[in-house]
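Construct all of the structure, not just a fragment, from the sequences and the given hints.
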Amino acid sequence: GAVVSQHPSWVICKSGTSVKIECRSLDFQATTMFWYRQFPKQSLMLMATSNEGSKATYEQGVEKDKFLINHASLTLSTLTVTSAHPEDSSFYICSADPSLSSTDTQYFGPGTRLTVL
Amino acid sequence: AQSVTQLDSHVSVSEGTPVLLRCNYSSSYSPSLFWYVQHPNKGLQLLLKYTSAATLVKGINGFEAEFKKSETSFHLTKPSAHMSDAAEYFCVVTQYNQGGKLIFGQGTELSVKP
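Each protein sequence line maps, in turn, to chains U and C.
Using my numbering, the letters of the first sequence correspond one by one to residues -8 to 108.
Using my numbering, the letters of the second sequence correspond one by one to residues 64 to 177.
No lab work stands behind these hints, which were simulated from the structure alone.
There could be a bad hint or two in this list.
Below 30 Å or equal to it, Euclidean Cα-Cα: the simulated DSBU-like pairs (lysine-lysine) are [claimed, not checked]:
id	chain 1	residue 1	chain 2	residue 2
1	U	K46	U	K57
2	U	K57	C	K132
3	C	K105	U	K55
To give an idea of the chain C side of the interface with chain U (calculated C-beta under 10 Å), a few residues [stated by the list, open to error]:
id	residue
4	N104
5	L109
6	S136
7	H145
8	M146
9	D148
10	A149
11	T157
12	G163
13	Q169
From the three backbone atoms N, C-alpha and C, an ideal C-beta is built for every residue, glycine too.
Shown next, in the form of structure tokens:
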């Protein structure tokens, strides 16, 4: 089956620093990837849609200057949390769709646990 | 507009007994519906999906769900719970004109007692 990886799986950083999270589709190409944020015991909240070769589309209330998304190739999207603060601590999950159908299955990465001290 | 409501935040069953996780949806067009499972500190795994084919959908690990348009429901069932089924379950909806954006339910935590 389609596999999506994320790196790192967990990261601890100091307040004010930036953290980059990578999302890779290992055995398929994805023109679109999605970034989610999940707080403990809560559901996933879509942050942005990452489109290969173009700017990401951010959901309402998500700061695009805070959460920088780059989708440089058909197998890699990155999320950079800039000037991280403790309230940015969360579980970040990406997903990708191997097909061209917008209603087909998405495959999720294992997530990245970010802790900002 | 789309939305999905999982009617129970927590369900507890005994091992070997049936599982029922309830989900209702709202969609302007014919929806695609999914159930995903998430084990602690892990990503999401697809259990099954409905995309306008057979209304009774069979998934992995013995799970199945039935799409009922008249009731706008997509409940997840399993005849006999196993300890390894303990996890968080998400009902998810999308439709063709949403560019792949998924709408997640609030999640149902399933506990399985020995």
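Per-residue hint verdict: C/N104, partner chain U, C-beta under 10 Å: At 7 Å from the nearest chain U Cβ, C/N104 passes the 10 Å test, so the hint holds.
Holds or violated: C/M146 as interface residue toward chain U, Cβ cutoff 10 Å? For C/M146, the interface hint is violated, since the closest Cβ of chain U sits about 21 Å away, which is over 10 Å.
Does the structure keep U/K46 and U/K57 at a Cα separation of 30 Å or less? OK: U/K46 and U/K57 at ~15 Å, within 30 Å.
Against chain U, with CB atoms and a cut of 10 Å, does the hint on C/L109 hold up? Where the cut-off is 10 Å and the nearest Cβ of chain U is about 6 Å from C/L109, the hint holds.
Is the straight-line distance between the alpha-carbon of C/K105 and that of U/K55 30 Å or less? Measuring from Cα to Cα gives roughly 26 Å; hence the hint holds.
Residue hint C/A149, partner chain U, criterion CB-CB below 10 Å: violated, 15 Å
Chain U contact restraint on C/D148 - CB to CB distance below 10 Å: Given a least distance of 19 Å, the restraint on C/D148 is violated.
Interface restraint verdict for C/T157 against chain U (beta-carbon cut-off 10 Å): Cβ of C/T157 sits 6 Å from chain U, so the hint holds.
30 Å Cα cutoff - pair U/K57, C/K132: Violated, because 41 Å separates the two Cα atoms, which is more than 30 Å.
So, as I understand it, the hint says C/Q169 touches chain U; can you test that by seeing if any CB pair is closer than 10 Å? At 5 Å from the nearest chain U Cβ, C/Q169 passes the 10 Å test, so the hint holds.
Cut-off 10 Å, beta-carbon criterion: hint that C/H145 touches chain U: With a closest approach of 22 Å, the C/H145 hint is violated.
May I ask you to test the interface hint for C/G163 with respect to chain U, counting a Cβ-Cβ separation under 10 Å as satisfied? holds, 4 Å
The earlier numbered hints that this structure contradicts are 2, 6, 7, 8, 9, 10.
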